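**Q** Sequence:
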Amino acid sequence: MEYINKETLVTIETDCELTGDWVPVSEFKDEYRLTVPEIKVKLDELGVEYDSKANKSALLDLLIANEG
Numbered sequence: 001m002e003y004i005n006k007e008t009l010v011t012i013e014t015d016c017e018l019t020g021d022w023v024p025v026s027e028f029k030d031e032y033r034l035t036v037p038e039i040k041v042k043l044d045e046l047g048v049e050y051d052s053k054a055n056k057s058a059l060l061d062l063l064i065a066n067e068g
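Numbering (the numbering used here), first residue to last: 1 to 68.
Hints listed in this document are in silico derivations from the structure and should not be mistaken for laboratory results.
All of these numbers come straight from a predicted model, not from anything done at the bench.
For each residue, glycine too, the CB sits at the ideal point set by N, CA and C.
Be careful, since some hints might not be right.
Ranges between beta-carbon positions, derived for each pair [stated by the list, open to error]:
| hint | residue 1 | residue 2 | range |
| --- | --- | --- | --- |
| 1 | D15 | E49 | 36 to 44 Å |
| 2 | N55 | T11 | 14 to 22 Å |
| 3 | V23 | K53 | 19 to 27 Å |
| 4 | E13 | G47 | 34 to 42 Å |
| 5 | E45 | E13 | 12 to 20 Å |
| 6 | A54 | R33 | 13 to 21 Å |
| 7 | M1 | V48 | 30 to 38 Å |
| 8 | A65 | P37 | 15 to 23 Å |
| 9 | E45 | T14 | 33 to 41 Å |
| 10 | D15 | S52 | 34 to 42 Å |
| 11 | D15 | D44 | 25 to 33 Å |
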């Protein structure tokens with residue numbers, strides 16, 4: 001299966017199941033291409049509170065959870 005890293009956008013082909021920042025390419029969302037400042041703007045527009053020191057992965061999880 002082919003996986004892509006949500007942080008770095010690096011892809012890898014493996015028979016193992018990957019977790020964490022790795023998602024199957026088939027489940028990759030356009031939101032993963034956003035920069036941290038772009039994610040923060042979207043979270044602000046949605047009225048979602050976040051830690052200003054949060055990393056991209058944590059911010060993406062918040063964005064995806066709140067976009068519905």
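**Q** Are the hints correct? Go through all of them and say.
**A** The hints, checked one at a time:
1. The beta-carbon spacing between D15 and E49, approximately 40 Å, falls within the hinted interval of 36 to 44 Å.
2. For N55 and T11, the Cβ-Cβ distance of about 20 Å falls inside the hinted range of 14 to 22 Å, so the restraint holds.
3. Checking the proposed 19 to 27 Å range against V23 and K53 shows it holds: the Cβ atoms sit about 24 Å from each other.
4. For the hinted restraint 34 to 42 Å between E13 and G47, the CB-CB distance of approximately 40 Å keeps it satisfied.
5. Taken as a hint, the range 12 to 20 Å is violated for the pair E45 and E13, whose Cβ atoms sit roughly 37 Å apart.
6. Taken as a hint, the range 13 to 21 Å holds for the pair A54 and R33, whose Cβ atoms sit roughly 18 Å apart.
7. Distance hint for M1 and V48: a CB-CB separation of about 31 Å, consistent with the stated range 30 to 38 Å.
8. Distance hint check: the CB atoms of A65 and P37 are about 19 Å apart, consistent with the given range 15 to 23 Å.
9. Checking the proposed 33 to 41 Å range against E45 and T14 shows it holds: the Cβ atoms sit about 37 Å from each other.
10. Taking 34 to 42 Å as the suggested C-beta distance range, the pair D15 and S52 conforms, at roughly 39 Å.
11. For the pair D15 and D44, the supplied restraint of 25 to 33 Å is violated, since their beta-carbon distance comes to about 41 Å.
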